[in-house]
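Number of protein chains: 2
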Amino acid sequence: MQARGRRTRAELIQGMRDAIQEKGVARSSINDVLEATGVKKGSLYFHFADKDELALAALEQAGEDFLDFVAESLKGNTPCERLDAFLEEAVSYHRQAGFVGGCIFGNTTLEMADSDPRYSALLERVFDDWVGKLAEVIAAGQETGDIRGDIPPAALGRHAVAAIEGGIMQARLQKSEQPLRESLETLMALAQADGGSGEP
Amino acid sequence: MQARGRRTRAELIQGMRDAIQEKGVARSSINDVLEATGVKKGSLYFHFADKDELALAALEQAGEDFLDFVAESLKGNTPCERLDAFLEEAVSYHRQAGFVGGCIFGNTTLEMADSDPRYSALLERVFDDWVGKLAEVIAAGQETGDIRGDIPPAALGRHAVAAIEGGIMQARLQKSEQPLRESLETLMALAQADGGSGEP
Numbered sequence: 001m002q003a004r005g006r007r008t009r010a011e012l013i014q015g016m017r018d019a020i021q022e023k024g025v026a027r028s029s030i031n032d033v034l035e036a037t038g039v040k041k042g043s044l045y046f047h048f049a050d051k052d053e054l055a056l057a058a059l060e061q062a063g064e065d066f067l068d069f070v071a072e073s074l075k076g077n078t079p080c081e082r083l084d085a086f087l088e089e090a091v092s093y094h095r096q097a098g099f100v101g102g103c104i105f106g107n108t109t110l111e112m113a114d115s116d117p118r119y120s121a122l123l124e125r126v127f128d129d130w131v132g133k134l135a136e137v138i139a140a141g142q143e144t145g146d147i148r149g150d151i152p153p154a155a156l157g158r159h160a161v162a163a164i165e166g167g168i169m170q171a172r173l174q175k176s177e178q179p180l181r182e183s184l185e186t187l188m189a190l191a192q193a194d195g196g197s198g199e200p
Numbered sequence: 001m002q003a004r005g006r007r008t009r010a011e012l013i014q015g016m017r018d019a020i021q022e023k024g025v026a027r028s029s030i031n032d033v034l035e036a037t038g039v040k041k042g043s044l045y046f047h048f049a050d051k052d053e054l055a056l057a058a059l060e061q062a063g064e065d066f067l068d069f070v071a072e073s074l075k076g077n078t079p080c081e082r083l084d085a086f087l088e089e090a091v092s093y094h095r096q097a098g099f100v101g102g103c104i105f106g107n108t109t110l111e112m113a114d115s116d117p118r119y120s121a122l123l124e125r126v127f128d129d130w131v132g133k134l135a136e137v138i139a140a141g142q143e144t145g146d147i148r149g150d151i152p153p154a155a156l157g158r159h160a161v162a163a164i165e166g167g168i169m170q171a172r173l174q175k176s177e178q179p180l181r182e183s184l185e186t187l188m189a190l191a192q193a194d195g196g197s198g199e200p
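Which chain is which? The protein sequence lines are A and B, in order. Quick note: the first sequence, position 29, residue 29 per this note's numbering, numbers continuous. Quick note: the second sequence, position 25, residue 25 per this note's numbering, numbers continuous.
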C-alpha cells in the first residue's frame, strides 16, 4: 500500500476507534467515520469490507496501543513499584477522561460478548496479554519476596484485571476516582507478602 | 391501587426488566414491553409517565431482589463460610445463565453512567448496599480473626464487588466460569488472615 493509502486506512481506524469509545460498537456507523474523517465512502470500502471489519481493526489497534501503555507504565526499581506505577497511570488516564467513557475493552465485552465471537476472540486476547504482563511482574515480586508467594502469578494477574475493570465501573458511576483507587490500594495491600500477618 | 392495577404494574416492571437484561436500556422500548406483557398502551401510561420511569422502576425492583439474594446467600456457620456461600451462589447464577447477559447493574452502569444521573444514583445505591452487606460479614470475620484485620471492611467489600463485576465480564467473554472462579478464589485466599505469611 502506498503512503497515502496507509494514511487513509489509519484515519479510518482512528475515526472508528473514537466512535466506539464514545458510544459503543452498535451505535457507531460507517457514516460517523466518513463524517469525522472526510474520507469518501468508496475509499473506505476499498480498505474495509464492512463496518465489523473496520471496528475489529480499530479494536486491534486499540489493543496494541493499550498493551504498549501497560508495558511502558510498569516502571520502577522493584516489582511492587512497577505495579504501583501502572495502577497510578491507569487511575490517571481515567481521571483525565473525567471518568467518562471507561475502558473500551470492558465496554465492548459487555456489548458484544454474547453476540459476535470475532469480538470475543480479539478481546480475550487483549485481556490475556494484559494478565500475562502483570503476571510477569508479580512472578518477579514473588522471587524477591515482596509479593505473597502462595497464589499463582497468572491467578493474581487475572484477579488484578478484574478488580481494575470493576473499579473503573464504580468510578464511572460516582464520577470520582475514589472507588477505583480504594479497590486498587486494597489489591496492593492484599498482594504484598506478610501484609496480613498482624502486628510484628 | 386495586389488585388488578398492582398486577398490571408488576407485569410491566417484569417485562421491562427482562428487556433490559437482554439488550440494555437504550434498545429496550415501550413496545417491547407491551408485546411481551399484552398490556394496552393506555394502561402502561396510566402507571408510568415514560420509558425512563418504567426502566428506573424495573431496576429498582431488580436491586431489591438482588440485595435479598445477597442476604439469603450469605449463609454459613462462620463469616468465611458465609462469604464463600455467596460467591458460590453468584458463580452458580451466571453458570445457569450460560454466562450470557451478565450483571444487569454492571451492564446498566456501563451503558448509562455517562448520560443520565437518575440511573447513576439508583445504581450507586445498589452497589453501596451490596458493599455494605459484604462489609458486615467481613467485619465479623475480622472479629473472629479469620479475615485479615489490616484493611477496613468497607474497602475490602468494595474490592470484592469490583473483582466480582470484573470477573463476570471475563466469564462472559470466555463463556466459562473459570476466570470468575479464579478471581474469586484468589480474593478469598487474599482476604484470609495469615494466608500470605509463608510456610509455618
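Among these hints, one or two may not hold up.
Copies of the same chain look alike in the list, so a pair counts if it fits in one copy or across any two.
Unchecked claim - Under the rule of at most 16 Å between Cα atoms (straight-line distance), these lysine to aspartate or glutamate pairs were calculated in the EDC-like manner:
#1 Lys175 <-> Asp128
#2 Lys41 <-> Glu53
#3 Lys51 <-> Glu124
#4 Lys23 <-> Glu111
#5 Lys133 <-> Asp52
#6 Lys41 <-> Glu111
#7 Lys175 <-> Asp114
#8 Lys41 <-> Glu88
#9 Lys23 <-> Asp50
#10 Lys41 <-> Asp150
#11 Lys41 <-> Glu136
#12 Lys133 <-> Glu81
#13 Lys133 <-> Asp65
#14 Lys51 <-> Glu143
#15 Lys40 <-> Glu72
#16 Lys133 <-> Asp68
#17 Lys175 <-> Glu81
#18 Lys41 <-> Asp114
#19 Lys175 <-> Asp65
Hints listed in this document are in silico derivations from the structure and should not be mistaken for laboratory results.
- Message: At most 16 Å between alpha carbons: which applies to Lys41 and Glu136, within, between, both or neither?
- Response: neither (44 Å within a copy, 58 Å between copies)
- If the cutoff is 16 Å on CA atoms, where do Lys51 and Glu124 land: within, between, both or neither? Let me know, please. The answer is neither: 21 Å in one copy and 35 Å across copies each exceed 16 Å.
- Message: If the cut is 16 Å between Cα atoms, do Lys51 and Glu143 qualify within a copy, between copies, both or neither?
- Response: neither (47 Å within a copy, 56 Å between copies)
- Task: Up to 16 Å between alpha-carbons, please classify Lys41 paired with Asp150: within, between, both or neither.
- Result: neither (56 Å within a copy, 59 Å between copies)
- Item | Within, between, both or neither, where Lys133 and Glu81 count as close if Cα-Cα is 16 Å or less | So Lys133 and Glu81 pass the 16 Å test inside one copy only (15 Å; across, 33 Å).
- Quick one: Lys41 to Glu53, C-alpha cut-off 16 Å, is that within a copy, between copies, both, or neither? within (15 Å within a copy, 40 Å between copies)
- Task: Go through the copies and call it for Lys23 and Glu111: within, between, both or neither, with a Cα cutoff of 16 Å.
- Result: Classified as both; 11 Å inside a copy, 9 Å across copies.
- Intra- versus inter-copy proximity for Asp68 and Lys133 (alpha-carbon distance at most 16 Å): within (10 Å within a copy, 39 Å between copies)
- Message: As a check of your reading, is Lys41 near Glu111 (CA-CA no more than 16 Å) within one copy, between copies, both or neither?
- Response: neither (26 Å within a copy, 30 Å between copies)
- Query: Is it within, between, both, or neither for Lys133 and Asp52, if the alpha carbons may be no more than 16 Å apart?
  - Reply: neither (28 Å within a copy, 42 Å between copies)
- How do Lys175 and Asp114 come out at 16 Å by Cα distance, when the copy is not named: within, between, both, or neither? between (28 Å within a copy, 9 Å between copies)
- Under a CA distance limit of 16 Å, which applies to Lys133 and Asp65: within one copy, between copies, both, or neither? within (14 Å within a copy, 39 Å between copies)
Violated hints for the displayed structure, listed by number in ascending order: 3, 5, 6, 8, 9, 10, 11, 14, 15, 17, 18 and 19.
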